[in-house]
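There are 2 protein chains.
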Amino acid sequence: MLPNGFKVGGIHSGIAKKDKKKDLALFISESPSSAAGMFTKNVVKAAPVLVDIERLRKGDKFFGILANSGCANACTGIEGEEDAKNMCLAIEKSFNLNVGSVLCASTGVIGKHLNISKERLGRSIDLLKNNIGVSIENENDAVLAIMTTDTFVKKASRKIEVASGDIKIWGCVKGAGMIHPNMCGPSTDLHATMLSFILTDAEIKSETLQKILENSSEKSFNCVSVDGDTSTNDTIIVLANGQSGTGELSQSNLEKFEFFFDELTLELAQSIAKDGEGATKFIEVEVKNTKTKIDAKLVASTIATSPLFKTAIFGADANWGRILAAAGRSGVIFDLNKVDIYIGGIQTFKNGKVLNFFEEEAKESLSKKEVKIVIDFNIGKENSRYYTCDFSYDYVKINSSYRS
Amino acid sequence: MLPNGFKVGGIHSGIAKKDKKKDLALFISESPSSAAGMFTKNVVKAAPVLVDIERLRKGDKFFGILANSGCANACTGIEGEEDAKNMCLAIEKSFNLNVGSVLCASTGVIGKHLNISKERLGRSIDLLKNNIGVSIENENDAVLAIMTTDTFVKKASRKIEVASGDIKIWGCVKGAGMIHPNMCGPSTDLHATMLSFILTDAEIKSETLQKILENSSEKSFNCVSVDGDTSTNDTIIVLANGQSGTGELSQSNLEKFEFFFDELTLELAQSIAKDGEGATKFIEVEVKNTKTKIDAKLVASTIATSPLFKTAIFGADANWGRILAAAGRSGVIFDLNKVDIYIGGIQTFKNGKVLNFFEEEAKESLSKKEVKIVIDFNIGKENSRYYTCDFSYDYVKINSSYRS
Chain P
1 MLPNGFKVGG IHSGIAKKDK KKDLALFISE SPSSAAGMFT KNVVKAAPVL
51 VDIERLRKGD KFFGILANSG CANACTGIEG EEDAKNMCLA IEKSFNLNVG
101 SVLCASTGVI GKHLNISKER LGRSIDLLKN NIGVSIENEN DAVLAIMTTD
151 TFVKKASRKI EVASGDIKIW GCVKGAGMIH PNMCGPSTDL HATMLSFILT
201 DAEIKSETLQ KILENSSEKS FNCVSVDGDT STNDTIIVLA NGQSGTGELS
251 QSNLEKFEFF FDELTLELAQ SIAKDGEGAT KFIEVEVKNT KTKIDAKLVA
301 STIATSPLFK TAIFGADANW GRILAAAGRS GVIFDLNKVD IYIGGIQTFK
351 NGKVLNFFEE EAKESLSKKE VKIVIDFNIG KENSRYYTCD FSYDYVKINS
401 SYRS
Chain Y
1 MLPNGFKVGG IHSGIAKKDK KKDLALFISE SPSSAAGMFT KNVVKAAPVL
51 VDIERLRKGD KFFGILANSG CANACTGIEG EEDAKNMCLA IEKSFNLNVG
101 SVLCASTGVI GKHLNISKER LGRSIDLLKN NIGVSIENEN DAVLAIMTTD
151 TFVKKASRKI EVASGDIKIW GCVKGAGMIH PNMCGPSTDL HATMLSFILT
201 DAEIKSETLQ KILENSSEKS FNCVSVDGDT STNDTIIVLA NGQSGTGELS
251 QSNLEKFEFF FDELTLELAQ SIAKDGEGAT KFIEVEVKNT KTKIDAKLVA
301 STIATSPLFK TAIFGADANW GRILAAAGRS GVIFDLNKVD IYIGGIQTFK
351 NGKVLNFFEE EAKESLSKKE VKIVIDFNIG KENSRYYTCD FSYDYVKINS
401 SYRS
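Note that the protein sequences, when read in sequence, are chains P and Y. Mapping of the first sequence onto the working numbering: position 173 corresponds to residue 173, and the numbering continues sequentially without gaps. Mapping of the second sequence onto the working numbering: position 68 corresponds to residue 68, and the numbering continues sequentially without gaps.
Read the hints as simulated data drawn from the structure, not as lab findings. Cβ atoms here follow ideal geometry from the backbone N, Cα and C, with glycine treated the same way. Please note that a few of the clues may not be correct.
To be verified - Below 25 Å or equal to it, Euclidean Cα-Cα: the simulated DSS-like pairs (lysine-lysine) are:
| id | chain 1 | residue 1 | chain 2 | residue 2 |
| --- | --- | --- | --- | --- |
| 1 | Y | 369 | P | 397 |
| 2 | P | 41 | Y | 18 |
| 3 | P | 353 | Y | 363 |
| 4 | Y | 353 | Y | 369 |
| 5 | P | 41 | P | 21 |
| 6 | P | 338 | Y | 368 |
| 7 | Y | 18 | P | 363 |
| 8 | Y | 61 | Y | 20 |
| 9 | P | 353 | Y | 256 |
| 10 | Y | 58 | Y | 112 |
| 11 | Y | 219 | P | 17 |
| 12 | Y | 293 | Y | 363 |
| 13 | Y | 372 | P | 353 |
| 14 | Y | 41 | P | 350 |
| 15 | Y | 372 | P | 363 |
| 16 | P | 211 | P | 41 |
What the hints assert, rightly or not - Which stretches of chain P does chain Y cover? Using the computed rule of at least three CB atoms under 8 Å from a CB of chain Y, they are:
| id | region |
| --- | --- |
| 17 | 10–24 |
| 18 | 55–61 |
| 19 | 255–268 |
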């Protein structure tokens, strides 16, 4: 259920070539909203990313997000930025909003221009305006319009009960390939295609919202990988319009909000790995007891992006040696004699030595839809979790002819 | 043709489970040789790697290299090291050599013990001793014995004419998967499975040989990637027995030697990418005009290991956007407006802008067996080349059931 004061929707505008595929989504608030954003650290940043960063740096109040699939509007130069701004402008005009108060996002093929005539854009915006609302259908239309190789609608919501009423958070995400988000806030000079839009009716300042988003993303979106390729378009935008009627969040309610926000981002992030291109299995890699947090994350991401590890899991092969080999090349120093490894709940390696385990049992465990790998270094107290999927024939199929 | 004073051979010992597959190779000199080595920087180092590093640090003169396939002897603890030393000892005894004068290398599944009885080892060494020689057949037997998923024998040789006679260099290499060598010399405390053995009858000090090998590897073996996974067993060993009869190399002859040595290592390194697991195409990624050498190599290796780039090439899809996205996430800072991209000789991107190019022409060019990609940053003078292959269905097939 959408938070108070928000409407969403999605239509077919023609930006995506595919016949009738919904390709343009709008997420809009009836009142000005605080906003927070995270964007790809890729040096090559798509036009909408550059536009959003500029707008979030300047402004404090926003009304909506216009997002398209079918074209990434990346590597399209100044012209691309103009196109992005013109898209926003059409919404701003149509809803009588200030210029700069609508944010944007794109996903699709890199290097193509949006290529939508003023006329067609106008017609599309009118259509969109008539197709926004608060129903489950509207929600699904909006998410369908930002999907590319995704196979299912990925959304999540939470309701937070506080003394003065209920606060709602609703979020959606798209992303199945070119997924290895590495994002940061708009205030730094850095920047998959992963798009996520989160709406809430909490009353919260942009600055506080930005901090919550950044902390939360480090444990969720920035811990997901499908193929190790960080996109030029990764974007998360949060809008908070304060329409819950519960007033500005108290410290204890803020903590509650943060708890549910973390739950929601984790659910969304995991759903990306579950829908990874060609994926047959969801994999959680847990790294335990390293000296530093950075070490834990580095090992986890190296294992989660190893083609040899991911093809082994596709084959339900308990090839723990590949887990160790990936850990060993991660750049983290450790003592092999202290390492323990668990695959699908079965310990295969203890204190640097191979254990006798039943291959059949391991195979059965690895044949499940969800697989958990644990590698425990026993040299510190820091932990990290990374979410990924297996590497299948279909990944190759999907990506050997994506443009055509 | 083998250099003077060397004999080589390969037999079936039973270490590899497969029926009659040759799995034990010997490369031996009739006289003491200088030696140089490079080993994986993976924190998890296989037992033979640890044994070789110790031996090269202590000793100066070596007689041979005993290498097996079918078992990596990695993650096997002290027992693994004892096994490796016992294998060497059997050769040392059989040929009346000092203990410690034979080096070793292994490739195969991680975590299994060599598991060869003293008796069987004895019989195998006897058989090997009777099957070494200088013929093309002996050469091929030796290389076949170290092959795993390799599909062809990879070897190269050079003859260097100097005033006082001829100097020969012969080298072989195995490796098709878990290939992303990142090696350094035995003197540092760091360390794929790529094995390469190079034999020469040049008269040259170990120290000089080590320097030549390290410089040469940085431009060859350390610039090859099949899957980005650095092995626990990567090993290059060079033996120089001085039997050419041309005396110690003069400075000018040393330069000549180095030139041909570089040619040989590059040929061997490229042959790995050509035989990459499931590869249908050999890819050369050339990065031009970056500010630093490290930048050039970092961009080249990031592109060469991008699953999205490699699947696109498999599909003969001129998806230059994926090249840019990979460059952008490499960590190197550049100005997009100065970037030029060429795919298979066709320029697709100039000064940060998409060019109109004929997709059909690009597709034809990318359908060839060898593909070259150039990305020119135009902000400096440093260049780098990286060698890889495309990412196909067969890569997934091979690696989803490697152990079984």
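Against the structure, the hints:
Distance check on the hinted pair: residue 369(Y) and residue 397(P) sit about 19 Å apart at the alpha-carbon level, within 25 Å; holds. The suggested pairing of residue 41(P) with residue 18(Y) is violated, with an alpha-carbon distance near 48 Å, which exceeds 25 Å. Between the alpha carbons of residue 353(P) and residue 363(Y) the distance comes to roughly 50 Å, so the proposed pair goes past 25 Å and is violated. For a cut-off of 25 Å, the pair hint linking residue 353(Y) to residue 369(Y) is broken: about 28 Å separates their Cα positions.
Taking the CA atoms of residue 41(P) and residue 21(P), the gap is about 30 Å. The hint is violated against a cut of 25 Å. For the given pair, residue 338(P) sits about 49 Å from residue 368(Y) by alpha-carbon distance, which is inconsistent with the 25 Å threshold. Proposed proximity of residue 18(Y) and residue 363(P) is supported: the alpha carbons are some 22 Å apart, at most 25 Å. With a CA separation close to 34 Å, the supplied pair residue 61(Y) and residue 20(Y) exceeds the 25 Å bound.
Simply put, residue 353(P) and residue 256(Y) have alpha-carbon atoms about 48 Å apart, too far for the 25 Å limit, and the pair is violated. With a C-alpha separation of about 28 Å, the suggested pairing of residue 58(Y) with residue 112(Y) is violated against the 25 Å cut-off. Of the supplied pair hints, the one linking residue 219(Y) and residue 17(P) is violated, its CA atoms being roughly 44 Å apart against a limit of 25 Å. Of the pairs offered as hints, the one joining residue 293(Y) and residue 363(Y) is violated, with about 31 Å between alpha carbons and a cut-off of 25 Å exceeded.
A hinted pair counts as satisfied when its Cα atoms are at most 25 Å apart, and residue 372(Y) with residue 353(P) does not qualify at roughly 44 Å. For the suggested pair residue 41(Y) and residue 350(P), the alpha carbons sit about 23 Å apart, so the restraint of at most 25 Å is met. Taking the CA atoms of residue 372(Y) and residue 363(P), the gap is near 41 Å; set against the 25 Å cutoff, the hint is violated. For the hint linking residue 211(P) to residue 41(P), the alpha-carbon distance of about 17 Å falls within 25 Å, and the restraint holds.
Coverage of the region 10–24 of chain P by chain Y is violated in this model, with 0 residues showing a Cβ closer than 8 Å to a Cβ of that chain against a need of three. Counting residues of the region 55–61 of chain P whose C-beta lies closer than 8 Å to any C-beta of chain Y gives 0; at least three are required, and the coverage claim is violated. Judged by the Cβ-Cβ criterion of 8 Å, the region 255–268 of chain P is not covered by chain Y as claimed, because only 0 of its residues qualify and three are needed.
Consistency note: the structure conflicts with the earlier hints numbered 2, 3, 4, 5, 6, 8, 9, 10, 11, 12, 13, 15, 17, 18 and 19.
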